[in-house]
Amino acid sequence: MKQTEPLRIGDREYQSRLFLGTGKFGSYPLMRQAVEASGTELVTVALRRVHLHEAQDDVIEHLQLPGVHLLPNTSGVRTAKEAVLAAQLARESLQTNWLKLEIHPDPRYLLPDPIETMLATQQLAKEGFLVMAYINADPVLCKRLEEAGAAAVMPLGAPIGTNQGLQTRAMLEIIIEQSSVPVVVDAGIGAPSHAAEAMEMGADAVLVNTAIAVAGDPVAMAEAFRLATHSGRMAFEARMGAVSRQADASSPLTAFLVNE
Amino acid sequence: MIRIVFNDDEIGLEQGNTVDALLQQLSVDAVERIAIAVNDSVVRRSDWSSYQLHDNDRVLMIAPIQGG
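If you read the protein sequences in the order shown, they are chains A and B. Residue numbers are given in my numbering: position 48 of the first sequence equals residue 48, and the series is strictly consecutive. Residue numbers are given in my numbering: position 42 of the second sequence equals residue 302, and the series is strictly consecutive.
Bound conformation, chain A alone:
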């Protein structure tokens, strides 16, 4: 398979432009197999208070794969202040300054709070975190976050877990055109074709979780996403033809079987 350009974020280079969420998998072995099948080099994890009465299972043990980095998220926080504390705890827990900043207090749509996200990004960038900010597909907000020090922006395609695809595609196009930092389309991607579409549009990467974890065969789906993401990126690098309104013949327009 033809190699595509590696993606640079911070001081790392990623060969795979498919990032994976680890939520919703029915078991750790299944999660691990899906991660392997996806070819991903970056997986997200969440943080939670330790419940002493429960068995202490270490999810990280099942994510120790060569070439795979961990990206802790701040899911569950409601404010910038909570996000900053969560980030500091994540850095301590996983020994990484990489962070997926997500602040979505409303449980019905899980839409990210732009103001808290902006405040948190400013503070976290100052504290030396590499912030990948999950936000709505707002082109102006994305530029402001970039200016505030975000290392990447992660605009949503549709609300988390909905599998609706790129509902925000018009705005994603603008963000991709205007951004000087990597654009990772995150949330709402429900099918490999959605991932391919985002990559064809010029997104730098996609993050997929639900679509893979809840598929009938998550491992096969992970591979499908791997191929689609790669295919979309290949198409982008191969420079697709223009879209037109009027037809433009593919075969010669000579009369057939009639003497002219």
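Negatives, chain B to chain A, calculated, CB over 10 Å:
#, residue
1, ILE262
2, ARG263
3, ILE264
4, LEU273
5, GLU274
6, GLY276
7, ASN277
8, ALA281
9, GLN284
10, SER310
11, GLN312
12, ASP315
13, ASN316
14, ASP317
Facing chain A, from chain B, some residues (calculated, C-beta under 7 Å):
#, residue
15, ASN267
16, LEU286
17, ASP289
18, ARG293
19, ALA295
20, PRO324
21, ILE325
22, GLN326
Taking CB as the label site, the calculated pair distances span:
#, chain 1, residue 1, chain 2, residue 2, range
23, B, ASP268, A, ARG12, 34 to 40 Å
24, A, ALA220, B, GLU274, 49 to 55 Å
25, A, ARG48, B, ASP307, 20 to 26 Å
26, A, VAL140, B, GLU274, 51 to 57 Å
27, B, GLU274, A, ARG48, 23 to 29 Å
Because the hints were derived from the structure by calculation, they are not lab data. As the structure is a computational prediction, the values presented were derived from the model and not from experiment. C-beta: ideal position from N, C-alpha, C; glycine also.
Fit chain B to the known structure of chain A by using the hints.
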């Protein structure tokens, strides 16, 4: 005996007032990925044996889990 709030529960410290003593009292395993904050300030692992907890301190202990 001093009393602290550990995650959401009020508990008394019976084996000593350091963070290490607290972890021992609670029989916490898988220490490797755990992170701790006291009163919203992270206490680094290297300080667990020396950091003294006080009455009414709020101790938060987190660990990584599956998530997107």
